[in-house]
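All residue numbers for the sequence shown refer to this note's numbering, where the first residue is 199 and numbers rise by one.
Don't read these hints as lab results, they were simulated from the structure. Beta carbons: idealized from backbone N, C-alpha and C, even for Gly. Mixed in with the good hints there might be a few duds.
What the hints assert, rightly or not - Label pairs and their computed distance ranges (CB to CB):
{"no.": "1", "residue 1": "Y297", "residue 2": "I213", "range": "22 to 28 Å"}
{"no.": "2", "residue 1": "I343", "residue 2": "V259", "range": "35 to 41 Å"}
{"no.": "3", "residue 1": "G293", "residue 2": "A215", "range": "22 to 28 Å"}
{"no.": "4", "residue 1": "G321", "residue 2": "P214", "range": "15 to 21 Å"}
{"no.": "5", "residue 1": "S201", "residue 2": "L251", "range": "21 to 27 Å"}
{"no.": "6", "residue 1": "G354", "residue 2": "I207", "range": "30 to 36 Å"}
{"no.": "7", "residue 1": "R362", "residue 2": "L251", "range": "37 to 43 Å"}
{"no.": "8", "residue 1": "G354", "residue 2": "I296", "range": "19 to 25 Å"}
{"no.": "9", "residue 1": "S201", "residue 2": "G321", "range": "46 to 52 Å"}
{"no.": "10", "residue 1": "A215", "residue 2": "V350", "range": "39 to 45 Å"}
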Amino acid sequence: MHSKAPFLIHFLLAIPATINFYLLSRPPKAATPAPSASNETSQVASTAPLHGLPEAQISAVIRNYSFSLLSSCLTALTVYRWIDRPASTTTTGLGSSIYNDLAASLAAYHIGPILRALGRVFGSRAGAEGDRLVSTRGKDLGGPILHLVLHVVVMGALVREALR
(Lines of atoms letter the chains of each structure in order from A; the text may use other names.)
(Lines give C-alpha, C1' and ligand atoms only; values in the text may rest on other atoms or scores of the structure.)
Protein backbone atom coordinates (compact mmCIF):
# COMPACT_ATOMS: atom_id res chain seq x y z
CA MET A 199 0.00 0.00 0.00
CA HIS A 200 1.30 3.45 -0.92
CA SER A 201 1.40 6.40 1.46
CA LYS A 202 -0.97 9.26 0.67
CA ALA A 203 0.76 11.72 3.00
CA PRO A 204 3.45 13.04 0.60
CA PHE A 205 0.81 13.99 -1.96
CA LEU A 206 -1.35 15.79 0.58
CA ILE A 207 1.69 17.58 2.04
CA HIS A 208 2.76 18.71 -1.45
CA PHE A 209 -0.74 20.01 -2.13
CA LEU A 210 -0.96 21.86 1.19
CA LEU A 211 2.49 23.44 0.80
CA ALA A 212 2.19 24.36 -2.88
CA ILE A 213 -1.31 25.91 -2.84
CA PRO A 214 -0.18 28.98 -0.82
CA ALA A 215 2.84 29.32 -3.14
CA THR A 216 0.52 29.12 -6.16
CA ILE A 217 -1.64 31.93 -4.81
CA ASN A 218 1.42 33.96 -3.83
CA PHE A 219 3.01 33.68 -7.29
CA TYR A 220 -0.29 34.53 -8.98
CA LEU A 221 -0.65 37.64 -6.80
CA LEU A 222 3.00 38.56 -7.48
CA SER A 223 2.26 38.45 -11.20
CA ARG A 224 -0.01 41.45 -10.79
CA PRO A 225 2.07 44.61 -11.11
CA PRO A 226 1.55 46.92 -8.13
CA LYS A 227 -0.31 50.15 -8.72
CA ALA A 228 2.22 52.90 -9.24
CA ALA A 229 2.37 55.26 -6.30
CA THR A 230 3.41 58.81 -7.01
CA PRO A 231 5.68 59.81 -4.15
CA ALA A 232 6.62 63.41 -3.52
CA PRO A 233 9.65 64.27 -5.65
CA SER A 234 12.94 64.24 -3.79
CA ALA A 235 16.44 62.99 -4.48
CA SER A 236 16.05 59.88 -2.30
CA ASN A 237 12.60 59.03 -3.72
CA GLU A 238 13.82 59.30 -7.32
CA THR A 239 16.68 56.90 -6.62
CA SER A 240 14.47 54.33 -4.87
CA GLN A 241 11.76 54.59 -7.53
CA VAL A 242 14.25 53.95 -10.34
CA ALA A 243 15.68 50.96 -8.49
CA SER A 244 12.24 49.44 -7.83
CA THR A 245 10.99 49.71 -11.42
CA ALA A 246 14.20 48.73 -13.22
CA PRO A 247 13.54 45.72 -15.45
CA LEU A 248 15.23 42.42 -14.66
CA HIS A 249 17.92 41.60 -17.24
CA GLY A 250 16.43 44.13 -19.63
CA LEU A 251 12.99 42.47 -19.73
CA PRO A 252 9.95 44.74 -19.47
CA GLU A 253 7.98 44.42 -16.24
CA ALA A 254 4.98 43.03 -18.14
CA GLN A 255 7.03 40.07 -19.44
CA ILE A 256 8.36 39.35 -15.97
CA SER A 257 4.79 39.39 -14.61
CA ALA A 258 3.64 37.04 -17.37
CA VAL A 259 6.39 34.53 -16.59
CA ILE A 260 5.58 34.64 -12.86
CA ARG A 261 1.86 34.13 -13.65
CA ASN A 262 2.80 31.22 -15.92
CA TYR A 263 4.77 29.66 -13.04
CA SER A 264 1.73 29.98 -10.77
CA PHE A 265 -0.27 27.84 -13.22
CA SER A 266 2.56 25.27 -13.29
CA LEU A 267 2.31 25.08 -9.52
CA LEU A 268 -1.48 24.82 -9.74
CA SER A 269 -1.14 21.92 -12.16
CA SER A 270 1.27 20.14 -9.80
CA CYS A 271 -1.16 20.72 -6.90
CA LEU A 272 -4.06 19.26 -8.85
CA THR A 273 -1.92 16.30 -9.90
CA ALA A 274 -0.89 15.64 -6.28
CA LEU A 275 -4.52 15.92 -5.17
CA THR A 276 -5.56 13.49 -7.91
CA VAL A 277 -2.98 10.92 -6.85
CA TYR A 278 -4.00 11.44 -3.20
CA ARG A 279 -7.66 10.77 -4.09
CA TRP A 280 -6.99 7.77 -6.33
CA ILE A 281 -4.01 6.02 -4.75
CA ASP A 282 -6.07 3.30 -3.04
CA ARG A 283 -9.17 3.28 -5.26
CA PRO A 284 -9.90 0.68 -7.91
CA ALA A 285 -10.21 1.93 -11.48
CA SER A 286 -13.77 2.55 -12.64
CA THR A 287 -14.90 1.83 -16.16
CA THR A 288 -18.62 2.50 -15.79
CA THR A 289 -18.75 6.28 -15.37
CA THR A 290 -17.41 9.20 -17.36
CA GLY A 291 -16.24 12.74 -16.72
CA LEU A 292 -14.29 14.41 -13.96
CA GLY A 293 -13.90 12.26 -10.88
CA SER A 294 -14.66 9.04 -12.75
CA SER A 295 -11.06 7.88 -13.16
CA ILE A 296 -7.52 8.92 -12.43
CA TYR A 297 -7.09 9.32 -16.20
CA ASN A 298 -9.81 11.98 -16.37
CA ASP A 299 -8.56 13.81 -13.30
CA LEU A 300 -4.93 13.83 -14.47
CA ALA A 301 -6.00 15.18 -17.86
CA ALA A 302 -7.84 18.01 -16.07
CA SER A 303 -4.88 18.82 -13.82
CA LEU A 304 -2.52 18.94 -16.80
CA ALA A 305 -4.98 21.14 -18.69
CA ALA A 306 -4.79 23.69 -15.84
CA TYR A 307 -1.12 24.33 -16.66
CA HIS A 308 -1.95 25.59 -20.16
CA ILE A 309 -3.97 28.55 -18.81
CA GLY A 310 -0.74 30.42 -17.99
CA PRO A 311 0.91 30.07 -21.42
CA ILE A 312 -2.40 30.94 -23.13
CA LEU A 313 -2.71 34.16 -21.10
CA ARG A 314 0.92 35.03 -21.81
CA ALA A 315 0.51 34.40 -25.55
CA LEU A 316 -2.69 36.48 -25.62
CA GLY A 317 -0.82 39.32 -23.94
CA ARG A 318 1.98 39.08 -26.49
CA VAL A 319 -0.40 38.88 -29.46
CA PHE A 320 -2.65 41.75 -28.42
CA GLY A 321 -0.01 43.93 -26.72
CA SER A 322 -1.50 43.78 -23.24
CA ARG A 323 -0.55 46.77 -21.13
CA ALA A 324 0.71 46.17 -17.64
CA GLY A 325 3.00 47.87 -15.18
CA ALA A 326 3.41 51.47 -14.21
CA GLU A 327 4.96 52.44 -17.51
CA GLY A 328 2.58 50.53 -19.78
CA ASP A 329 5.15 47.93 -20.83
CA ARG A 330 3.89 45.81 -23.69
CA LEU A 331 4.29 42.09 -23.80
CA VAL A 332 6.43 41.89 -26.89
CA SER A 333 9.14 39.42 -27.64
CA THR A 334 12.64 40.65 -26.99
CA ARG A 335 14.12 38.00 -29.26
CA GLY A 336 11.91 38.09 -32.34
CA LYS A 337 9.89 34.96 -32.98
CA ASP A 338 10.56 32.80 -29.93
CA LEU A 339 10.08 29.22 -31.11
CA GLY A 340 7.53 30.28 -33.72
CA GLY A 341 6.15 33.39 -32.06
CA PRO A 342 3.20 34.12 -29.79
CA ILE A 343 0.46 33.19 -32.29
CA LEU A 344 1.89 29.69 -32.71
CA HIS A 345 2.23 29.39 -28.91
CA LEU A 346 -1.38 30.48 -28.47
CA VAL A 347 -2.69 28.00 -31.04
CA LEU A 348 -0.65 25.08 -29.72
CA HIS A 349 -1.55 25.65 -26.06
CA VAL A 350 -5.26 26.08 -26.90
CA VAL A 351 -5.21 22.84 -28.94
CA VAL A 352 -3.40 20.87 -26.22
CA MET A 353 -5.58 22.29 -23.44
CA GLY A 354 -8.72 21.55 -25.47
CA ALA A 355 -7.61 17.96 -26.05
CA LEU A 356 -6.88 17.49 -22.34
CA VAL A 357 -10.21 19.02 -21.29
CA ARG A 358 -11.99 16.76 -23.80
CA GLU A 359 -10.28 13.73 -22.27
CA ALA A 360 -11.07 14.94 -18.76
CA LEU A 361 -14.77 15.14 -19.57
CA ARG A 362 -15.05 11.76 -21.34
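Taking the hints in turn, this is what the structure says about them:
1. Judged by the Cβ atoms, the range 22 to 28 Å given for Y297 and I213 holds: they are separated by roughly 23 Å.
2. Evaluation of the 35 to 41 Å hint for I343 and V259 yields a failure: the beta carbon distance comes to about 19 Å.
3. One distance hint, 22 to 28 Å for the beta-carbon pair G293 and A215, holds here, with the actual separation near 25 Å.
4. Between G321 and P214 the C-beta distance comes to about 33 Å, which lies outside the given range of 15 to 21 Å.
5. Checked against the hint of 21 to 27 Å, the C-beta distance between S201 and L251 comes to roughly 42 Å, which is inconsistent with it.
6. Judged by the Cβ atoms, the range 30 to 36 Å given for G354 and I207 holds: they are separated by roughly 32 Å.
7. In this structure the hint that R362 and L251 lie 37 to 43 Å apart at CB holds, the actual value being about 40 Å.
8. Judged by the Cβ atoms, the range 19 to 25 Å given for G354 and I296 holds: they are separated by roughly 21 Å.
9. The beta-carbon spacing between S201 and G321, approximately 49 Å, falls within the hinted interval of 46 to 52 Å.
10. Range check, A215 to V350: about 26 Å between beta-carbon atoms, so the 39 to 45 Å window is missed.
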